[in-house]
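Chemist: For reference, the chains in residue letters:
Number of protein chains: 4
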Amino acid sequence: MSTSHREIRQPNDHYQYTFGPYAEPVARVKPGETVVVYTIDAFGAKLTREDQSVSSVLGPYLNPQTGPIYVESAEPGDTLVVKIENIEPTRDWAVSCLVPFFGGLTSTRWTPTLQPALEERVWLYRRTASGGFAWKDRWEIPWAPFFGTMGTAPHLEAISTLAPGDHGGNMDVPDVTIGNTLYFPVHHPGALFFTGDAHAGQGQGELCGVALEIDARGTFTFDVIKGRAIAWPRIESATEIMIVGSARPMEDAARIAYAELIAWMVADYGFDRLDAYQLLSQAGGLYVGNMVDTNYSLVAKCPKRYLGDSPSHG
Amino acid sequence: MSTSHREIRQPNDHYQYTFGPYAEPVARVKPGETVVVYTIDAFGAKLTREDQSVSSVLGPYLNPQTGPIYVESAEPGDTLVVKIENIEPTRDWAVSCLVPFFGGLTSTRWTPTLQPALEERVWLYRRTASGGFAWKDRWEIPWAPFFGTMGTAPHLEAISTLAPGDHGGNMDVPDVTIGNTLYFPVHHPGALFFTGDAHAGQGQGELCGVALEIDARGTFTFDVIKGRAIAWPRIESATEIMIVGSARPMEDAARIAYAELIAWMVADYGFDRLDAYQLLSQAGGLYVGNMVDTNYSLVAKCPKRYLGDSPSHG
Amino acid sequence: MSTSHREIRQPNDHYQYTFGPYAEPVARVKPGETVVVYTIDAFGAKLTREDQSVSSVLGPYLNPQTGPIYVESAEPGDTLVVKIENIEPTRDWAVSCLVPFFGGLTSTRWTPTLQPALEERVWLYRRTASGGFAWKDRWEIPWAPFFGTMGTAPHLEAISTLAPGDHGGNMDVPDVTIGNTLYFPVHHPGALFFTGDAHAGQGQGELCGVALEIDARGTFTFDVIKGRAIAWPRIESATEIMIVGSARPMEDAARIAYAELIAWMVADYGFDRLDAYQLLSQAGGLYVGNMVDTNYSLVAKCPKRYLGDSPSHG
Amino acid sequence: MSTSHREIRQPNDHYQYTFGPYAEPVARVKPGETVVVYTIDAFGAKLTREDQSVSSVLGPYLNPQTGPIYVESAEPGDTLVVKIENIEPTRDWAVSCLVPFFGGLTSTRWTPTLQPALEERVWLYRRTASGGFAWKDRWEIPWAPFFGTMGTAPHLEAISTLAPGDHGGNMDVPDVTIGNTLYFPVHHPGALFFTGDAHAGQGQGELCGVALEIDARGTFTFDVIKGRAIAWPRIESATEIMIVGSARPMEDAARIAYAELIAWMVADYGFDRLDAYQLLSQAGGLYVGNMVDTNYSLVAKCPKRYLGDSPSHG
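Residue numbers (our numbering), protein chains in the order written: chain A, 1 to 314; chain B, 1 to 314; chain C, 1 to 314; chain D, 1 to 314.
Hints are computed from structural coordinates only; laboratory data are not their basis.
Incorrect hints may appear among the rest.
Since the list can't tell identical chains apart, any single copy or any two copies may satisfy a pair.
In silico DSBU-like pairs for lysine-lysine, Cα to Cα no more than 35 Å straight-line [what the hints assert, rightly or not]:
#: 1; residue 1: Lys83; residue 2: Lys304
#: 2; residue 1: Lys136; residue 2: Lys46
#: 3; residue 1: Lys136; residue 2: Lys30
#: 4; residue 1: Lys46; residue 2: Lys226
#: 5; residue 1: Lys46; residue 2: Lys304
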């Protein structure tokens, strides 16, 4: 499906480890253009066997990004639109593992204790005939791919690719998937888009901190909404509008996601603010994307059937 | 459907406002017995019109409970089993509202600021022919009923019916619904079961703090698992096993829910602990039940198709 | 010093493990009366040697309380006043220890992980000639005694003596000490006062969860402020006024403490609300009492020299 | 006092708004050298009168920094040592204010609600003969100066000067003051040191988010500890050693601060790890530096009298 589109690969495997304005663009795309972007897995494809020692193999930086991609015509104050046309694995295996002092059920660098680390362990999954990924003969996870990391360059900051925030980043949210459209704030000419950390699948919360990590290629169509600024990443599917809020503690991520969703409903769908608050109280969805990263990411959503006829961002 | 079963009503409308061991049982049921329990809405059915002043109408206590119900043979260290056979509304309207300094997008008693309260407002919903609940001609919420509050008496404590915890309580979790089975810890002879706060529907997070509040009757079949203690409320549906974790901050509720789910998978389904951790990382579900109560409640879940043949708690 | 006052001992060593309205008073005191109250240590005095196994020795309940003490004339809506005249140890040793899965630098029941518990360990301190408590020849902690637990019965709830809250409870705040005056809300006739968990000293945060635990006797003068309700425990020293806020996450305890301190400055000292906010921004104190209990307790304080002439609660 | 030392001013008033490795050094200093560094206040000295509209005056960036200063011989893996010899105001007034949706007792960008902002207000303080700063005839805050912001460049990130972290940054901790020595991690040749945001005084917590903001000059002596890496900023006074932990929620900042303090006691003072845990439980200090910034900063401290003879970092 993606073979007819221009392909973007990170030159010389010189991947990026921050979302920021300080690196030169690796490609330029036009609004409306569809391109194929190749990404490498969160570990730089260095973890390939179950008998490897995780901490010996991994370097200091994780989540290498392809980018920045310069989207022509995008200027500060605009919104970048990224339609995910397709996601394909470029290898027939996926890997997950336990990284010392990283994950949802261990003490971490940010929630330290005096306890020892959990043991390191690697799970290697093989792609099956049905397209899912199986660990031994124990279980098979259906193919449900998405990009763990995606976003634009912040104002002045260069933010680690391990962190999610209002620029997007390492959100680890399964709705960043095929058929959905992402919206990101633009702070620099060209927007400076990055993506990486493709997952063949992931549970809500990304409990151990590592999903089914794959090398992949994504097919994206880029566009720009001129003169329209947004504060947090937005996702639109065929049936829902969504906000990804990222913060700590987790309740702040929830507050951000729902507050921004109300702002969207007021601005684009004509809702009274308190009526939107009421409607989401009865019809909103709120799930945990990740409970393991530097910030936690929660997704608040509203079914489109409640929103009337107005097209979003139209 | 429920007419042939014994009916339990709270005597003299003397509802309970704590989960605790200090009140006399209002009824005794046998293991295996199915009964119908009548509950009154979270506001004691005092909020009936959109022109009412919420703060004038509401008294100091909310979430009146029917109970305690004494389940024969239940002893400390056992697990109480409650199958929800049915939930029916006993009136044709539901109510939601904004209570000053209560809700997910306002400062509260527990997260105070110096800002003024949001305005009070009432939304009255009418039951439709399809069984849903509609606010004016603006929107209709499908019938998706559940009990916001359900649980057993803690050891020594008497806990407000506004608080969820390891005893259950005010979890506000939509999976406490028809067809599902709840499991609660037993700390006293008879278990001392309470329920109330029925909702015709509710979004994830219960954003404004008030769902579609109804008077209702629930049809429950009680049972007891002897000699088996659990630490947190469990839910079993036809397709999933779930834990409800309640705590602050929200990430602690998430940790509790997933850690206890792993414990369940190890004890009843033979999982290695780290393999369960891995499986939930790829296949687990994690949504927010409430982001408004004294503790936040999150639901962690695992599809049964990953669990093999072993019956739970069998 | 305290020998001339009436002495209150818990009858039959039947200590209380909740703050609540469900137990009979063990003594009645008059406003203005000074009494001596005997308390037992947090472990019921069962931990006496460094070679004991902590988890084998401790029962299911900790922090036994002396009480409830009925203070005559106190009615709901009043404020209970407790002046701490003296605190004396009734033995020449103190004990601290590591309790499995309890403390500030371990995973806990409320912040669970999959890691093993820290080892159990006991530190036994001997009283020195100077009145401090020394561990071996390694270090000596100066005598700086206070009651870890103190408060009144809540409305309807019976709250574990491990939890601090708006009723006081297990605050673990070193300012509950000799010479200071405590103020608590009154929800029941007689106020129903409890205290226990005396400490010979404690660092801010009570890091491992266990201070220098002692049996003790406290000399208290009780009084009642009629018709004046307060929302959270207050402390007054010769030089400062203070609020103890208890909540999770810790920032909510900080918000509660400072917001209530502003309310106090407005009500009793004539401050404009935003001016009080400003003054505390430049002159307020905020330390962590405990970072280990069911709720965290923070103390916000304002030097009296900024408050003008008005007596507090006068 | 500082007139004999080399003076460093930010060239062309081109202040920095991130801590990062992407700007050219403005000066180079030698280990052992003492220099005077001029800083501008958090608002770029634009807020000068009580009748100004805060939101109209302030631009998008706050906390302008002087730097980066290149410290010769510092290499990645070393520790930068900064002795604060003196802090002097360079004007006779200080300013504080309320910034919309910023502060400890308001909803914020990170803890949003639907409530309106608090009113904007400015408090202008005049320096008094005694050296303190007085607001009208209402109150005077004693001169207790410190730098709100100080630190080194992170690995790859450029971090907003509003955020504190393991690089230091906007800690807002009163112990960054005259006579104390700061230690920071070094991730780049020359360490790349920044400072700014001088305060004439500040309460613990920096409640409204704005201290007594001043232009100032600091006299610093720089040094480098070769081959010694630290994870978080450290402070040493004549009587105490301290760690500044910065994170959200606040309990994580507390955990970080105390865990790193234990690591320090083990590495430099020969403590057994659990004995250090015990000692800090009885003798540690833990106060809130800020409860308003992107991360909260808490200071954990240990009196040196408990530490024996070993010099720190010796």
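Chemist: Each hint should be assessed against the structure and marked as holding or not.
Modeler: Structure-based check of all given hints:
no.: 1; hint: Lys83 - Lys304; verdict: both (18 Å within a copy, 34 Å between copies)
no.: 2; hint: Lys136 - Lys46; verdict: within (21 Å within a copy, 52 Å between copies)
no.: 3; hint: Lys136 - Lys30; verdict: neither (44 Å within a copy, 46 Å between copies)
no.: 4; hint: Lys46 - Lys226; verdict: between (41 Å within a copy, 32 Å between copies)
no.: 5; hint: Lys46 - Lys304; verdict: between (42 Å within a copy, 33 Å between copies)
Comparing the model with each earlier hint shows a violation of hint 3 alone; every other hint is respected.
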